[in-house]
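Using the sequences provided together with the hints, build the complete structure.
Protein sequence lines, in the order shown, are assigned to chains A and B. Under the working numbering, the first residue of the first sequence carries the number 1, and numbering increases by one thereafter. Under the working numbering, the first residue of the second sequence carries the number 1001, and numbering increases by one thereafter.
No wet-lab data here; the hints were simulated from the structure. Every residue gets a Cβ at the ideal spot worked out from N, C-alpha and C, and that includes glycine. Check each hint, because a few of them may be wrong.
Unchecked claim - A few chain A residues facing chain B, derived, Cβ under 7 Å:
#: 1; residue: Ser17
#: 2; residue: Arg18
#: 3; residue: Thr46
#: 4; residue: Ser49
#: 5; residue: Glu50
#: 6; residue: Thr53
#: 7; residue: Glu109
#: 8; residue: Arg110
#: 9; residue: Leu113
#: 10; residue: Gly114
Claimed, not checked - With a straight-line cut-off of 25 Å between C-alpha atoms, the simulated SDA-like cross-links for lysine to any residue are:
#: 11; chain 1: A; residue 1: Lys145; chain 2: B; residue 2: Glu1086
#: 12; chain 1: B; residue 1: Lys1078; chain 2: A; residue 2: Glu39
#: 13; chain 1: A; residue 1: Lys124; chain 2: B; residue 2: Glu1086
#: 14; chain 1: A; residue 1: Lys146; chain 2: B; residue 2: Asn1082
#: 15; chain 1: B; residue 1: Lys1078; chain 2: A; residue 2: Val38
#: 16; chain 1: B; residue 1: Lys1078; chain 2: A; residue 2: Ile41
#: 17; chain 1: B; residue 1: Lys1078; chain 2: B; residue 2: Ala1036
#: 18; chain 1: A; residue 1: Lys124; chain 2: B; residue 2: Ala1085
#: 19; chain 1: A; residue 1: Lys146; chain 2: A; residue 2: Ala28
#: 20; chain 1: A; residue 1: Lys94; chain 2: A; residue 2: Glu131
#: 21; chain 1: A; residue 1: Lys124; chain 2: B; residue 2: Arg1089
Unchecked claim - Simulated restraints, written as ranges between beta carbons of each label pair:
#: 22; chain 1: B; residue 1: Leu1076; chain 2: A; residue 2: Thr70; range: 38 to 44 Å
#: 23; chain 1: A; residue 1: Met66; chain 2: B; residue 2: Arg1009; range: 47 to 53 Å
#: 24; chain 1: B; residue 1: Gly1051; chain 2: A; residue 2: Asn7; range: 25 to 31 Å
#: 25; chain 1: A; residue 1: Asp76; chain 2: B; residue 2: Gly1072; range: 53 to 59 Å
#: 26; chain 1: B; residue 1: Arg1039; chain 2: A; residue 2: Asp123; range: 41 to 47 Å
#: 27; chain 1: B; residue 1: Arg1089; chain 2: A; residue 2: Val38; range: 14 to 20 Å
#: 28; chain 1: A; residue 1: Pro105; chain 2: B; residue 2: Gly1051; range: 26 to 32 Å
#: 29; chain 1: B; residue 1: Leu1002; chain 2: A; residue 2: Val38; range: 22 to 28 Å
#: 30; chain 1: A; residue 1: Glu108; chain 2: B; residue 2: Asn1006; range: 28 to 34 Å
#: 31; chain 1: B; residue 1: Arg1066; chain 2: A; residue 2: Leu16; range: 24 to 30 Å
#: 32; chain 1: A; residue 1: Thr130; chain 2: B; residue 2: Arg1039; range: 48 to 54 Å
#: 33; chain 1: B; residue 1: Gly1072; chain 2: A; residue 2: Ala104; range: 27 to 33 Å
#: 34; chain 1: A; residue 1: Phe101; chain 2: B; residue 2: Arg1069; range: 20 to 26 Å
Okay, here's what each chain looks like letter by letter:
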Amino acid sequence: MRKELINQCAVRFPALSRNESLSRSAAASFALQCDPTVEEIAAIKTAVSEAVTNAIVHGYRDCEGMVEMTMKLYGDNTLYIQIKDKGRGIPNVKEAMQPAFTTAPADEERSGLGFTVMESFMDKVRVRSTEGRGTCVTLEKRLRKKGDDD
Amino acid sequence: MLKIYNDGRRITAALSGDIDHHTAREFRAALDEVIARSRPELLILDLGEVGFMDSSGIGLILGRLRAVREVGGEILVKNAQNEIAEVIRLSGLSMLLVEPKQTAKN
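See below:
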């Protein structure tokens, strides 16, 4: 059965670190229509921040570009947030998703835990990437509806 | 953004605001200055007024942990909100967390 699309929203912004807070506020605002818990909002903000930071720090490491975030809400209260860049891409996604893996220089103090955090806070994380073309991360989380079992 | 409470070589740094990749640089510079000046034996990072922290905060804490250990000190993290404490646990740094006092037995 196809899920009913209830609402959607897209935000596009340049890959500047100042937009990390903007992106997570936008995601939190979109999620508010599902009447989320404080924990759900914090989880969404954290995962979005990780994905957007990756686009800025890695995708557009040597160039400028735009990050596009698309948010969709379906009838079963599942939220999909897609974060897309047209940056340099990830040569080996499996390796990049390993905890503590990072290609950033040590002086930038990147922990390499971005994907670990995304996976911990969301139900599903999907990554599609093509070298030289960009990366698309899809975060999925079903929010609790009032009346759901614990 | 950062308040320092100094009790000899025990320093409490009360951070406030969001800790992300954008803001980590400023926190890093401010904390490194404190570490260089005071050479703390204990640096307590009070995150009570931090509303958000992603894994950029882990890089920040790890870097400062190295700097403090170089001068013979240690770091503790207190008052971290639930999700922030969770990020810290995921990073394997849970030994730095000062857990709130337990009221129930477990």
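- chain B contact restraint on threonine 46 (chain A) - CB to CB distance below 7 Å: 5 Å, holds
- Query: For the pair supplied as a hint, lysine 146 (chain A) and alanine 28 (chain A), is the alpha-carbon distance within the 25 Å limit?
  - Reply: Roughly 19 Å between the alpha carbons, so the hint for lysine 146 (chain A) and alanine 28 (chain A) holds.
- Message: Just to be careful, I want the Cα atoms of lysine 1078 (chain B) and alanine 1036 (chain B) compared with a cutoff of 25 Å; is the pair within it?
- Response: 22 Å, holds
- Query: Per the CB criterion, is glycine 114 (chain A) less than 7 Å away from chain B?
  - Reply: 5 Å, holds
- Was the hint right that glutamate 109 (chain A) lines chain B, CB cutoff 7 Å? 4 Å, holds
- Message: Taking 14 to 20 Å as the stated bounds, is the beta-carbon spacing between arginine 1089 (chain B) and valine 38 (chain A) within them?
- Response: 18 Å, holds
- Would you check whether arginine 18 (chain A) satisfies its interface hint, that is, whether its CB is within less than 7 Å of any CB in chain B? 6 Å, holds
- Query: Quick one, are lysine 1078 (chain B) and valine 38 (chain A) close enough, alpha carbons at most 25 Å?
  - Reply: The given pair, whose Cα atoms are some 20 Å apart, holds under the 25 Å limit.
- Item | lysine 1078 (chain B) paired with isoleucine 41 (chain A) [C-alpha distance capped at 25 Å] | Holds, at roughly 22 Å.
- Message: Given a cut of 7 Å on the nearest C-beta pair, is the interface hint for serine 49 (chain A) held or broken against chain B?
- Response: For serine 49 (chain A), the interface hint holds, since the closest Cβ of chain B sits about 4 Å away, which is under 7 Å.
- Query: Could one say that the CB atoms of leucine 1002 (chain B) and valine 38 (chain A) fall in the range 22 to 28 Å?
  - Reply: 25 Å, holds
- Query: Holds or violated: lysine 124 (chain A) with alanine 1085 (chain B), Cα cutoff 25 Å?
  - Reply: The hint holds at about 21 Å.
In the structure shown, no violation is registered for any of the earlier numbered hints.
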